[in-house]
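Protein sequences, first through last, are from chains A and B. Under our numbering, think of the first position of the first sequence as 355, with each following residue one higher. Under our numbering, think of the first position of the second sequence as 355, with each following residue one higher.
Treat the hints as calculated values from the structure; they're not laboratory data. From a predicted model like this one, the values you see are computed outputs, not experimental measurements. Treat the hints with caution; some may be incorrect.
Since copy identity is lost for identical chains, a pair holds within one copy or between any two.
With a straight-line cut-off of 27 Å between C-alpha atoms, the simulated DSS-like cross-links for lysine-lysine are [unchecked claim]:
| id | residue 1 | residue 2 |
| --- | --- | --- |
| 1 | K716 | K578 |
| 2 | K637 | K710 |
| 3 | K376 | K734 |
| 4 | K735 | K376 |
| 5 | K583 | K376 |
| 6 | K376 | K578 |
| 7 | K576 | K376 |
| 8 | K576 | K415 |
| 9 | K376 | K530 |
| 10 | K707 | K734 |
| 11 | K583 | K415 |
| 12 | K415 | K751 |
There are 2 protein chains.
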Amino acid sequence: MSAASTAPSVPLPFRPAILIQKKRDGGTLTDAEIQFLIAGLIDGSVADYQLSAFLMAVYFKGMTPEETAAFTRAMLDSGERYRFSDIPGPKVDKHSTGGIGDKVSMVLAPLAAACGLVVPMMAGRGLGFTGGTLDKLESIAGFDVRLSKERFHEALRTIGCAIIGQSESIAPADRKLYALRDVTATVESLPLICGSILSKKLAEGAEALVLDVKVGSGAFMKSKDQGRKLAKALISTAKKSGLKCRALLTNMDQPLGTAVGNGLEIVECIEMLRTGSGAPDLKEVTIQLCALMLEAGGLVRNVAAGRKLAAERLADGSAWKKFQQMVEFQGGSTRMLHDLSLFPKAAHVVEWKAMKRGFLTKMDNEEIGRMIIDLGGGRKKTSDTIDPSVGFVFHKKLGAKLVPGDSIVTAYLPKGADVRAWEKRFQAALQIGPQRKAVPKLILETL
Amino acid sequence: MSAASTAPSVPLPFRPAILIQKKRDGGTLTDAEIQFLIAGLIDGSVADYQLSAFLMAVYFKGMTPEETAAFTRAMLDSGERYRFSDIPGPKVDKHSTGGIGDKVSMVLAPLAAACGLVVPMMAGRGLGFTGGTLDKLESIAGFDVRLSKERFHEALRTIGCAIIGQSESIAPADRKLYALRDVTATVESLPLICGSILSKKLAEGAEALVLDVKVGSGAFMKSKDQGRKLAKALISTAKKSGLKCRALLTNMDQPLGTAVGNGLEIVECIEMLRTGSGAPDLKEVTIQLCALMLEAGGLVRNVAAGRKLAAERLADGSAWKKFQQMVEFQGGSTRMLHDLSLFPKAAHVVEWKAMKRGFLTKMDNEEIGRMIIDLGGGRKKTSDTIDPSVGFVFHKKLGAKLVPGDSIVTAYLPKGADVRAWEKRFQAALQIGPQRKAVPKLILETL
Chain A
355 MSAASTAPSV PLPFRPAILI QKKRDGGTLT DAEIQFLIAG LIDGSVADYQ LSAFLMAVYF
415 KGMTPEETAA FTRAMLDSGE RYRFSDIPGP KVDKHSTGGI GDKVSMVLAP LAAACGLVVP
475 MMAGRGLGFT GGTLDKLESI AGFDVRLSKE RFHEALRTIG CAIIGQSESI APADRKLYAL
535 RDVTATVESL PLICGSILSK KLAEGAEALV LDVKVGSGAF MKSKDQGRKL AKALISTAKK
595 SGLKCRALLT NMDQPLGTAV GNGLEIVECI EMLRTGSGAP DLKEVTIQLC ALMLEAGGLV
655 RNVAAGRKLA AERLADGSAW KKFQQMVEFQ GGSTRMLHDL SLFPKAAHVV EWKAMKRGFL
715 TKMDNEEIGR MIIDLGGGRK KTSDTIDPSV GFVFHKKLGA KLVPGDSIVT AYLPKGADVR
775 AWEKRFQAAL QIGPQRKAVP KLILETL
Chain B
355 MSAASTAPSV PLPFRPAILI QKKRDGGTLT DAEIQFLIAG LIDGSVADYQ LSAFLMAVYF
415 KGMTPEETAA FTRAMLDSGE RYRFSDIPGP KVDKHSTGGI GDKVSMVLAP LAAACGLVVP
475 MMAGRGLGFT GGTLDKLESI AGFDVRLSKE RFHEALRTIG CAIIGQSESI APADRKLYAL
535 RDVTATVESL PLICGSILSK KLAEGAEALV LDVKVGSGAF MKSKDQGRKL AKALISTAKK
595 SGLKCRALLT NMDQPLGTAV GNGLEIVECI EMLRTGSGAP DLKEVTIQLC ALMLEAGGLV
655 RNVAAGRKLA AERLADGSAW KKFQQMVEFQ GGSTRMLHDL SLFPKAAHVV EWKAMKRGFL
715 TKMDNEEIGR MIIDLGGGRK KTSDTIDPSV GFVFHKKLGA KLVPGDSIVT AYLPKGADVR
775 AWEKRFQAAL QIGPQRKAVP KLILETL
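Excised from the complex, chain A in its bound form:
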């Protein structure tokens, strides 16, 4: 008997080009085939140029729910998976698809912890025209978003919440794939978005997840239909991956709350946590998301009970206390929390006023986000540093009645800014009409 004939029979390895072709032609890949592609991305047996062709084929042909779940699982399996089963209490997280002035996480994480949940929140940086939770938190001097697994565990055990960045050991395939998607025009694909979000949430140790899918001019999903599609794909994939999941569709045709800009948003959060009140839309979305989290975690029998508990914990100062503990644990300046004048100051602080009588009927919310970036409050390339002082605080929201001279916004501009030019750009992003128009509903749908 020859050596060859006594060798164990091993299955032929998959050929990347054949798998790309299968997807290109609308076929359905098996779990093993998807696992092969993602593992190959990490070990180098599948080339970047093959992955990017595959991603473009997925952009055009999509993935079945089963493929999306396998894709999520493959990315999860590419790295470490945190488990916090020794910590009592349900582990529940929230994920937002991103919007202008979306500062919910900073209020919600300590609020949910104050209600008895454990919130292992891994958040992101600014992306496209929207800001990022990590960038906002770093407006607090010393705040460290890079906790070790052990410190993260300790924060969850002793406080019940922490907000950190994605560690190197978590879903490395997702990090690599995301970088590839970013430069190959393959970001906007539902199954790829689902896999990216959910692999990280599964890895961070969440048992349930509540999604805030933003819809409107200041969100990636411009229409309710698009948003609903994404929410449904996320919920379906999450369930197949053993993650309980609910979702809100919320409106993003104007900034959420009053402040836009990293430091200004943190200040708005601190004020809401300290006083228990603030912008009604920010509060409403936060309370509703917290209620869904509490229900998903099994701490309340229904959403109504969840809303009641959340409102109490926001009002009684226990969320505020959790926030202070979290900031202290993560090395942030607690002095700043009690003395807001310590936040970085913008060079120019100016009021911009209504120039005609009418109603605020529309806002180009994406343009507001782009202005923040152009002011230095966001990144154009990953190496850019962020100016936490710039931004806007709105005094009027959609539907407001205006007479000339009414203050619409306080603008915080950097040194050297051409104030007149910025005001012109800002005013151009607003529509003031003679007739009041229906203000879009804040919470569009609960799925």
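Given the coordinates of chain A, work out where chain B should sit on it, guided by the hints.
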């Protein structure tokens, strides 16, 4: 004045991801944008993984005729362009999309030269399930397909034809892109095929081109519609690129001529050139292509006159003389041309016979091609060497009436071949039915 404000204003470079997105969304790229992508592939400013995503987007969204011409031009401009304006006579080439037993080039190039054309033919290796002209020619001991530009020029000047491989300096972008397409499932795209073929033909110095677009079970294009689409795209792109172009659609539901396999095909060509006769289908396609080349080159007033001239030059031995001169010039053994017994001999030469009465109604021609590869007469990977001795010589073609015992084929098999198993596989590729079926037309269309 600061240094920055006195700097000359340069246009912003294109961003690859934006161009990929434009194509992904069905947009039309400008000449400059296409030029940027192809030049970027060569200088490294556009990454392979971006090109492959772009190629997949082109696969789905296509290219306009203008984009295809710009793409062709960009690939042409990536390398050297041969010009033979000092050699008198029209420079006309032929390109076939490839088929089983397609040995036309070996007869046609010397025939066209004998009629007064200059034929600067750059040919290819075996691809997929079809053989390659270069591989076939290398069955002649010593035949060198890698002539320098100077030697190529000399061959064209003194003989009027030469058949060589694509030199390193010709369309390097096409070579790089083709390698990328091969491993990213983006080969089958009309504009990409057009650009690849035509950039090389423009670079080799042809002024006119005649296409033989093969259609049928032994061709890449299985249907007449597909073939016509490709022919039209090629003609339109060629014209936009200043290359005169005609095309034949010819049937590929059975091998062309009688022989399939590298050495066997050369022997068939030698016999046709030497005697002026042979398989009617091979002769007809060759004469018709030559007539179109002569018309395109302006040496005859119409195709009928071209057919007459071509038939004369094949019959009077002048094509045979050109072939011998070409082989000698390219270092090939002229002794073999006169003593066919010097061609490599297969280990097994067997007759396979009809096992039942009926008509030969169908042939899986692609399977015939795959058998040649599996016998060692083609490559599974680029590093494989080719056995020139293996193959088939057919004694019956589609429509033939068979009685049991009639010899269908002589098979030339390599040492160690399981003759019974090969016969079984061969017989399975044939359909013998009780009723005569219409034999597909050989020349389906002239465009």
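Evaluation of the provided hints:
1. Taking the shortest alpha-carbon separations for K716 and K578, only the intra-copy value of 17 Å comes in at or below 27 Å, while the best inter-copy value is 56 Å.
2. Within a single copy, K637 and K710 get their C-alpha atoms no closer than 31 Å, and across copies no closer than 86 Å, so neither meets the 27 Å cut-off.
3. Only between protomers do K376 and K734 lie at most 27 Å apart by alpha-carbon distance; the minimum there is 20 Å, versus 37 Å within a single protomer.
4. For a Cα distance limit of 27 Å, the shortest separation of K735 from K376 across copies, 21 Å, qualifies, whereas the shortest one inside one copy, 35 Å, does not.
5. When the C-alpha separation of K583 and K376 is checked against a cutoff of 27 Å, the pair qualifies both within a copy, at 25 Å, and between copies, at 24 Å.
6. Only between protomers do K376 and K578 lie at most 27 Å apart by alpha-carbon distance; the minimum there is 24 Å, versus 32 Å within a single protomer.
7. Taking the closest pair of Cα atoms, K576 and K376 come within 27 Å of each other only across two copies (19 Å); inside a single copy the shortest separation is 31 Å, beyond that limit.
8. Taking the closest pair of Cα atoms, K576 and K415 come within 27 Å of each other both inside a single copy (22 Å) and across two copies (24 Å).
9. For the homomeric pair K376 and K530, the shortest alpha-carbon distances inside one copy (23 Å) and between copies (23 Å) are both at most 27 Å.
10. Taking the shortest alpha-carbon separations for K707 and K734, neither the intra-copy value of 29 Å nor the inter-copy value of 73 Å comes in at or below 27 Å.
11. In the homo-oligomer, the alpha carbons of K583 and K415 lie at most 27 Å apart both inside one protomer (16 Å) and across protomers (24 Å), since each shortest distance falls under that limit.
12. With identical chains, the CA atoms of K415 and K751 are never at most 27 Å apart, being 40 Å at best within one copy and 42 Å at best between copies.
The structure fails hints 2, 10 and 12 (numbered hints given earlier, in ascending order).
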